[in-house]
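Chains as they are written, first to last, in the working numbering: chain A, 394 to 702; chain B, 394 to 702.
Don't take every hint at face value.
It does not matter which identical chain is used: a pair holds within one copy or between any two.
[Unchecked claim] Think about it this way: if two alpha-carbon atoms lie no more than 20 Å apart in a straight line, the pair counts; the simulated SDA-like pairs of lysine to any residue are: (1) 666 x 534; (2) 666 x 601; (3) 666 x 629; (4) 567 x 448; (5) 567 x 673; (6) 567 x 611; (7) 567 x 662; (8) 666 x 652; (9) 567 x 677; (10) 567 x 551; (11) 567 x 650; (12) 666 x 636; (13) 567 x 555; (14) 666 x 628; (15) 567 x 455; (16) 666 x 639; (17) 567 x 435; (18) 666 x 555.
Since the hints were derived computationally from the structure, they do not count as laboratory data.
In case you want the letters, here they are:
Protein chains: 2
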Amino acid sequence: MSGEAPFRHVALIGLGLIASSMAHAIRARWPEVRITGYARSEATRNQTREIGFCDAVMDSAAEAVAGADLVVLAVPIGAMGELAAEIAPHLAPDAVLTDVGSVKQAVIDAVGPHVPTHVHFVPGHPLAGTEHSGPRAGFASLFQNRWWLLTPEEGVDPAAIERLQALIAGMGAKTDQMEAGHHDLVLAVTSHAPHLIAYTMVGVADHLSRVTESEVIQYSAAGFRDFTRIAASDPTMWRDVFLTNREATLDILGRFTEELFVLQRAIRMGDGKHLHDYFTRTRAIRRGIIEAGQDTAAPDFGRAAKQDG
Amino acid sequence: MSGEAPFRHVALIGLGLIASSMAHAIRARWPEVRITGYARSEATRNQTREIGFCDAVMDSAAEAVAGADLVVLAVPIGAMGELAAEIAPHLAPDAVLTDVGSVKQAVIDAVGPHVPTHVHFVPGHPLAGTEHSGPRAGFASLFQNRWWLLTPEEGVDPAAIERLQALIAGMGAKTDQMEAGHHDLVLAVTSHAPHLIAYTMVGVADHLSRVTESEVIQYSAAGFRDFTRIAASDPTMWRDVFLTNREATLDILGRFTEELFVLQRAIRMGDGKHLHDYFTRTRAIRRGIIEAGQDTAAPDFGRAAKQDG
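Just chain A, same shape as in the assembly (with noise of 0.2 Å):
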């Protein structure tokens, strides 16, 4: 894929796990572009200099975003308002101003009336990750295949929106746009619901004083594991996520407590078809996501067995 850089200047603001891979895989692509940095921490900001794809980390918000034509707001979300308030007035004239948040009405309540009208807003949220999380966590393939949505608001200049598509396109990913409120819901449904079960289950097993934590973790091969990568994920990011599309959450929360029920009922009462039935269904959705390209059938995600002791 030949062709120039969509933008001149990217500025991250955040340099944690998502901005530093947007780093590597921008320079991986276009390595003409500018990139400049900045995170709230001097200890992040020093390691990222350390690391070295920034091309210039600078120790406010407002110089980094100096001259940019990309700005990326890559913070926890509760952070995001007052921090758009901070750059709105160094922001260049027909700069696309973008985030990288979970949650996207939230972000557009409170970044949305600090967005000076010569600057163009495309609300973001890349579905990609790991357990993860700092300036040292990034590389260049994460967003390979992976989703990227936006949710502009209405009347966003449509050439704006392509660049950034053109840029996420460049980085590996697949952009799909969308309102923001149906983007939170399909969020509850598809992460952040099933975040906090994951969290939940973890949370159980801590507890449990009959069975040994060491026997939890030596065990947990059996399906437990996959439970504790998800609650692994980084806590202060998580917990502005719930906090911030609360209303879906709970919607799905609510309807998954029903459906647990239904199957605990069945489990105390024998009613043996009705399990068979249930997991019969739920494995067609398995062999849809498999064929939508998202996951691998090869056995044990393909992963080569370890050989250690």
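Given the coordinates of chain A, assemble chain B onto it according to the supplied hints.
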């Protein structure tokens, strides 16, 4: 690792994922071991003959176990009692009888009464599996670095247990012994309840009409994907697991819903501190699992990013 095989002739009753993987693993380690097999379905017997991981596939369980010094019951737990009654008269003197069921007390209750005094019954459970079923699903490395739990009752000949342990070690797994009831509780925490929860989450997504099925599937890399993989497990096996490990599973599910309501309430009330503290605590359990060697910390589980569109 040199040394002769701990068994001369292994009979596999049931020819699904676990049995076929055992055959592949045993053959890789000790090609001289005779392996006979039987499955209730003629189609399965024929598929197994095609694949060729048994020296002979018989048309009855009795024929398959004749002369075997190890007999493995690899059928759904609900079928084990009847099977045990059927093969009991045909078991060789001094044969070791084992199973691979995910629940131990129910297997002991169903099978135990049929075991002749000259046969050594050592119930077992390999903590390994994939979402696939059937004879074609098996592969030799399934048990590499996994735990295989044994729950022999008191008085079983230690030499018989050791022979089985040697076979398991030859297939790459680690063994541990415990009391059957304790096994069932530990597995309720690490496997059974998590599976039911995963099934439930997938079921909720399935019902939701405001969110199209394609979106749930498309955007499922965000956490939901892990649930669907768990929820694609064999429906028959899991029906029997829940029906036979009922008390322990209901215990854990009850604790789970109590815990979930606490978090749900924190979300409704905007208690960010509670959420942050809880999520921070669960991260520690994840670290413990990586250290115990039961998973990898490599980004994206060490999977190379997929390149398809």
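Comparing the hints with the structure gives:
| no. | hint | verdict |
| --- | --- | --- |
| 1 | 666 x 534 | neither (44 Å within a copy, 34 Å between copies) |
| 2 | 666 x 601 | neither (31 Å within a copy, 23 Å between copies) |
| 3 | 666 x 629 | between (43 Å within a copy, 10 Å between copies) |
| 4 | 567 x 448 | neither (27 Å within a copy, 50 Å between copies) |
| 5 | 567 x 673 | neither (31 Å within a copy, 32 Å between copies) |
| 6 | 567 x 611 | between (38 Å within a copy, 11 Å between copies) |
| 7 | 567 x 662 | neither (46 Å within a copy, 36 Å between copies) |
| 8 | 666 x 652 | within (16 Å within a copy, 29 Å between copies) |
| 9 | 567 x 677 | neither (25 Å within a copy, 34 Å between copies) |
| 10 | 567 x 551 | within (17 Å within a copy, 59 Å between copies) |
| 11 | 567 x 650 | neither (33 Å within a copy, 37 Å between copies) |
| 12 | 666 x 636 | between (39 Å within a copy, 11 Å between copies) |
| 13 | 567 x 555 | within (13 Å within a copy, 54 Å between copies) |
| 14 | 666 x 628 | between (40 Å within a copy, 10 Å between copies) |
| 15 | 567 x 455 | neither (30 Å within a copy, 57 Å between copies) |
| 16 | 666 x 639 | between (36 Å within a copy, 15 Å between copies) |
| 17 | 567 x 435 | neither (34 Å within a copy, 46 Å between copies) |
| 18 | 666 x 555 | neither (52 Å within a copy, 39 Å between copies) |
The structure fails hints 1, 2, 4, 5, 7, 9, 11, 15, 17, 18 (numbered hints given earlier, in ascending order).
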